[in-house]
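Student: Here the protein sequences line up with chains A and B, keeping their order. With the numbering used here, the residue at position 199 of the first sequence is 199, and numbering never jumps. With the numbering used here, the residue at position 568 of the second sequence is 568, and numbering never jumps.
Warning: the hint list may mix true and false statements.
[As the list claims (entries may be wrong)] Distance condition first, Cα-Cα at most 20 Å in a straight line; then the derived EDC-like pairs of lysine to aspartate or glutamate:
(1) B:K633 - A:D517
(2) A:K13 - B:E575
(3) A:K348 - B:D373
(4) A:K86 - B:D930
(5) A:K13 - B:E611
(6) B:K218 - B:D292
(7) B:K864 - A:D161
(8) A:K13 - B:E302
(9) B:K932 - A:D517
Keep in mind that the hints were calculated from the coordinates and are not lab data. Since we're looking at a predicted model, the values are computed, not measured.
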Amino acid sequence: MLMLCMFSCTKLKDKSYNQIIASQFNPTGDDLTSLVGAAYINWRALLLQWNSVSRAQESSADELVTPARPNGWVDGGIYRRMHEHKWTADDDVIGNSWTRTFAGITNCNRIIYQLESGSIPLTSGKENVVAEMKVLRASYYYVLCDLFGNVPIVTDFNVPDGFLPEQNTRKEVYDFVVKEISDNISLLSEKNDQSTYGRFNQWAAHTLLAKMYLNAEVFSGTAAWDKCIEECDKVITSGAGYVLENNQKDVFKTDNENSKEIIFALPLDENYVTDWNAFDIHMQTLEPENQATYNLKSTPWGGICATPQFINSYDKEDARYTDNWIMGQQYTAGGDALMGTMGAYTGKPLVYVNEVPGVDQSEEVHGYRLGKFEIKMGANVQLSNDWPLFRYADILMMKAESLLRTGKAEEAAAIVTAVRQRDFKANPSKATVTSAALMKGSSYDYGLRNHLNTTTEGGADIVYGRFLDELGWEFAQEVRRRQDMIRFNAFTKKSWLSHTPNGDYRKLYPIPRIELDKNANLHQNDGYN
Amino acid sequence: MIAYHLRKYLIALLCMCMLFSGVSAQEKNTSLQDALKKVTQAFGIQFVYDPELLAGKSTDYDFSNVSKKSAEEVLKAVLYPHNIVFLYVKPKYYTIVSKDRIENETKQPTHQSASQVPEQTATQAGKNISGTITDSTGKAVAMVNVTEKGTRNTVMSAQDGSFTIKTNAPNPVLVVSSVGYVSRELPVANEDNINIILSAEVSNLNEVVVIGYGIQKKADVTSSVATIKSENFVKGTVLDAGQLLQGKVAGLSVSAPSGDPTSGSQILLRGSTTILGANANPLILIDGIPGDLKTVAPEDIESMDVLKDGSAAAIYGTRGTNGVIIVTTRRASGNFTNAVEYSGYVSTQTIARKMDMLTAADYRKQIADGTRDASWDLGSSTDWLKEISQTPISHVHNLTFRGGNSRTNYLANVNYRMLEGIFKKSDNNTFTGRVDINHSMFNDKLKFNFGVISSQNKYTTTGDGASFNGYTYRQALIRNPTSPVYDSTGKWYEQTGLFNYENPLSRLYESDGQNTSQNTRYNTNISLTPIRGLKLNALLSYTKFNQTRGYSETKQHISTLRDGKNGYASVGGIESVDRLMELTAQYNKTIDAHKFSVLAGYSYQENEYRENWMQNWDFPTDLFGYNNIGIGKALKEGLAPTYSYKGVTNLIGFFGRLTYSYKDRYLLLGSLRYEAASQLYGTKKPWGLFPAASVGWRITNEPFMQGQRIFDDLKLRAGYGVTGTQPNSLFLGVALLNYGGYFLSNGQWIQTLTPSQNPNPNLRWEEKHESNIGIDFSMFKGRISGSVDYYVRNINGLLYDYQVPSPPNLYTSTRANVGKMQNKGIEVIVNYTPVQTRTFSWTTSVNFSTNSNKLASLSNDLYKLNTNYFTTGGTGEPIQTFTHIVEIGKNIGDFYGFKVTDVTDDGKWIYEGKDGKPVQYNDFNHAFEDKKVLGNGLPKYYAGWNNNFSYKNWDMAITMRGAFKYQILNFQRMYYENTNLQQYNRLKSAYDKVFGKAVLSKEMPLEFNSYYVENGDFWKVDNVTIGYNFRKTGVKFIKSARLYVSTLNTFTITGYKGIDPEVNRLGLNPGDDDRDKYPTTRTYTFGVNLNF
């Protein structure tokens, strides 16, 4: 028996049956897409998964609110804190936004390292893949620059043990993103077809750069409106086939992957992107009874709705008003009126009204629901609509805003009118916006408006407020309202529903406490200490 | 003086040879010396004698059929004719002496040792006294010495416990003694027939203690080892072997935190030892082979040994940190002639405490009072908890056969346990069979042991892979009591719109599931003794565990009504194979006053684990349940997940041990284990070295202690040992890649390849360095005994998922050896026999222990924390926050949350602010900085008090225990005392005034704060057993019988408002009393033991 042992008695088992031991893995060119794809999919997680960037951009702003409902939605008070600008460095919205975005950066760094060091052998086109990864990485830094500002720029993968990144200023992050895109854009594909769908081609990169320039004043302290126009023009004149859809709704339908308006999409599919909360906005907004409306596979959870003051700002003939919001009496798929099943509206008609008592309380009927993305009959928890992160209307509106802010209101008005035309088919004259109108303030009736308090602030004092309104109507529910409000200096100045301003420093989110704990080089953003 | 002479005499005899021989047994005339050798051969009995006494004497006894007779019978026939008698020393050891010698020493004529001597030697002054001897469970005890006090007049009890002694003195006193039992002195006045009950001795010096890879006399043990014999086990319907030890061992906290019949006991030895919560369990060895507390039936266990300190456990190296529990099953041996034993019991249970929720009447009163909207009255009155409950009937049957002779003997055991829980569709059925066969060859030089354990287990599941789904219990509590069970069409009444709200009965009856498993272990042990003192041993075992499970939900289940599954099913299977080979060589040698033993060994253990499952839904019919999973559509549509896994690990160890004692006064033990596990493959140091040393000083064996009469034994011990913790994740040190989410590439969805773990080549073993000093004492002839231990455990290199920035790291956490933890404590156990008369005896045992558990550090050279804490534990949704903080330098188990000090008149919380001043609800930030330590979930003190009484044929045992100075977070109150959410039922106490001031405002959301942290101190009368023993059953083939009734978890004295203050104590979030926990129960048992 001792003899038996001598041969094998000190050898440890080293075979893994369900994971790849990295040191035993020799990737080939065929594995490239699997490796590169890993760096892209962080985008959809950071944007859409539970309590992440979608909350950071929307629940803190004036379009959407998640009030306490008869079936919950208190969740430790997080939505209320977001609404009231009382978030803390421990809130998961803050932490998730950070880690899910940086996860994408880490993946980019790793792949760039693997490509450059040759551990992913690639005979041709290596520079192009590296360039694409660098632009993708820049896109993640764009998110961080917007939300947190002063974050560490990490581009190295192969660092010594215990290496801790240094913090950079928001300006440095801005410069980095601009430089990375500019340096690499020419190596990207010019194609706009299936092969570049969901990936950074040159036009997506120009759009990203335009976004950086659009927000340059906020991000870096120096405006760059002309540069923004320049980048927009490159997309407009690209010849890559980007046009506005005839109906805005078509950009958001279930099978929207062929839309010519989409420049950069996050592809989603109920069969393949099945992470819980991958894309479930319908589950988060509809009341449970609405299951019968769409024959949904699962009962929705209720919750998120429009802020009534925002809805009131719409022209009721705007197709975007009726197409983007679910309102009024709710019916089953067969046409029977739905009744409430909870709280004070049990047994009463389920009619969505444009009223919300406050972020702290509401009933089933309160608030219009989010309907911009088509809800397929028989939909699962996960929707299959692709998420249009950049679309052509945005290029046009970025150009228009830059023109407006550089004294070219006429040109801006023409573009805005062009974008609006599809929304006022019944009454085309309403589509037209004059330069004078664009110079006006906002029609949003700001002020506290809840069961406890009512105040009147109005929006007339917001410079170019009319344009901010237009952005609201066009891009509602597209996870950007906070960014727009900050650019128009309304985010920390105005009150709405149960929200009152709580400090200008809240334009930036705090660095998550856990990240400060991990890295002594990081300092908290001003105002949060 | 007599005793002194006799001892001298015996010591002289001990120098003589011990016999091992193998002459064939056919000759007619055999020398007495050879005759004894034959007895040794046949019965495994050894003798000590003066060869001169036997010289020249022979017998014509026919040894050909010796195996059919008893040893005593043969010895009498061989020795008595020569006026030679035999004296019992201990099991299997006899002294052979001349009858005259004894008579001379006692200076008076007596009857002789070992059974009755010929009539003619008896004097007429005495009388015959006969009787039976049993233990406290009614089992006959054989080979008990019954001596007339002040004489050498001794007899021994027979196999059935009976004896007859002829006494001489007018008022004789009988001294009854046997190894393992408390000796008794019984004055016999006028009776001539008495029954004697012996209670098991908790501490006995000659008792053999099982230590790693061997046994040691308790007197020689130098580390902290506790032995509990079956007589002292907790009686009644226990869930597993662990519960048998509940409250019996100081420093070993055993709790049964769940009432689920499939659950087990939770064991915590000397406090928490790990941060990650992995492998918090002690190593459980069943007859030397790793297993778990359910490997064998509790009724089939002979004894359990707990190796508590590091010096004892270090021989088990990487698995020893949480202690080692060695389970010894009842073994076959040549000592038993063919015997059959049966034990069985039936039991029922009630919930330990019911949560007092609002009733339908309460709802209606609230509606009438205007505090609740009328729409919440759904017209019925339903007691939902009652609806899901049942009166469980459980029964357990255990049958044991033993037989054979000293060469080949066997034991066969069958055990059937049919347990029911207090909730419907909650059960657990196990059938276990075990066979143990011994065979010895070549004059006992080669011994074989072969064993098979096979158990079949089956239980109903009402969750996927789970047993009883605790969520169903939650639904019963929170369900509107005015809600009907069925709707007007006879279907289950459901309100699918309410979030997390499901008809609990529908959950039970529209689901169907079963887990079946089989665990089979084959083991063989071969030992060879080529020369005296040297033993070579090979232990081989193969264990295979197979589990198959199936679960389905019909189209009437909420999974269809709400979640659109349209029928759901899942099936799965697990296979786990363990192979073990342990080779040891042991050599014992005594040179004058020096006793040595050396052990060396090699151990190879390998585990192969495979698992697979699949789910499917959208079925055309409910008819097939989970038995035709392919017909669902979800798999075809690519929606349903499937899974398979395989992992192979091994553990390789070399070990050695040396024991040395000088004059039985100075004892030394040293051991070393060198071990590696494949979990650390790829790291720089997969091999770890685990040394231990312990010393003992038996003060009572010093010459200066010889005159004293107080202490029978007094021993000081000190030990130091290093042990490890085996990590349970595979490939911890290397970077891993895994296929992850899908990515759309050129119109095709492809799977991405992503890193799933940061590499850490510096990973090494967690090491526990434990020092233990202790004292063992036995006083007044064993009437008082006990031990005191003090220990300090320093655990270094604790694995922790260290949060690291990503980038540069691939992943936001790295598993690294960063933690240092310290456990300190004192353990005291005292056994005492306050009363010992002929008809009544009372033995009692008190144990007490303390433990403090601190985190000393959480950083190493590479990893430094900016802050000195991390948070852990979770409230669950919707509160969604952590419950505990682990802070460097502070105790493990601190609750961390908002501290409320008061409420306003309208029922809003008033908090203690950062500066200690009160803060109103609306001004309170509810941020991390506003949280405070609210208590600690780990008891500072544990105590146990066990009592055994016997009166004539009656006996009673009471087991009590308590834990003190700790807090519990009462999740039930935290969730069910809130008045904010209307759709869920709540506790009546929700309407009690907070701090006597005001009912909590409706505006207060659910929140974790100090109001729900309660003191957990308790004193529990746990196991009470009353039994009656029938000596003479009146039935010819039943030798003895015992009937008993027993309760478990009888009653609890506590201020805690939850169900049971004995909540989870493992891990870093001890004291969280989870709301979905299967409630603990009170158990009533009626049982019977029969010996055939």
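Student: With reference to the structure, classify each hint as holding or not holding.
Tutor: Now for the hints, and whether the structure bears them out:
Distance restraint check for K633 (chain B) and D517 (chain A): the Cα-Cα separation of roughly 48 Å exceeds the 20 Å cut-off, and the hinted pair is therefore not satisfied. Under the criterion of a C-alpha separation no larger than 20 Å, the hint pairing K13 (chain A) with E575 (chain B) is consistent with the structure, at around 18 Å. At roughly 14 Å between alpha-carbon atoms, K348 (chain A) and D373 (chain B) fall within 20 Å of each other, so this suggested pair holds. Restraint check: the Cα-Cα separation between K86 (chain A) and D930 (chain B) comes to about 14 Å, which is no more than 20 Å; the hinted pair holds.
Using a Cα cut-off of 20 Å, the hinted pair K13 (chain A) and E611 (chain B) holds, with the two alpha carbons roughly 19 Å apart. Taken as a hint, the K218 (chain B) and D292 (chain B) pair is broken in the structure, with Cα atoms around 25 Å apart against an allowance of 20 Å. A distance of roughly 12 Å separates the Cα atoms of K864 (chain B) and D161 (chain A); the hinted pair therefore holds under the 20 Å criterion. At roughly 37 Å between alpha-carbon atoms, K13 (chain A) and E302 (chain B) are farther apart than 20 Å, so this suggested pair is violated.
Our distance criterion of 20 Å between C-alpha atoms is met by K932 (chain B) and D517 (chain A), whose separation comes to about 19 Å.
The structure shown violates the earlier hints numbered 1, 6, 8.
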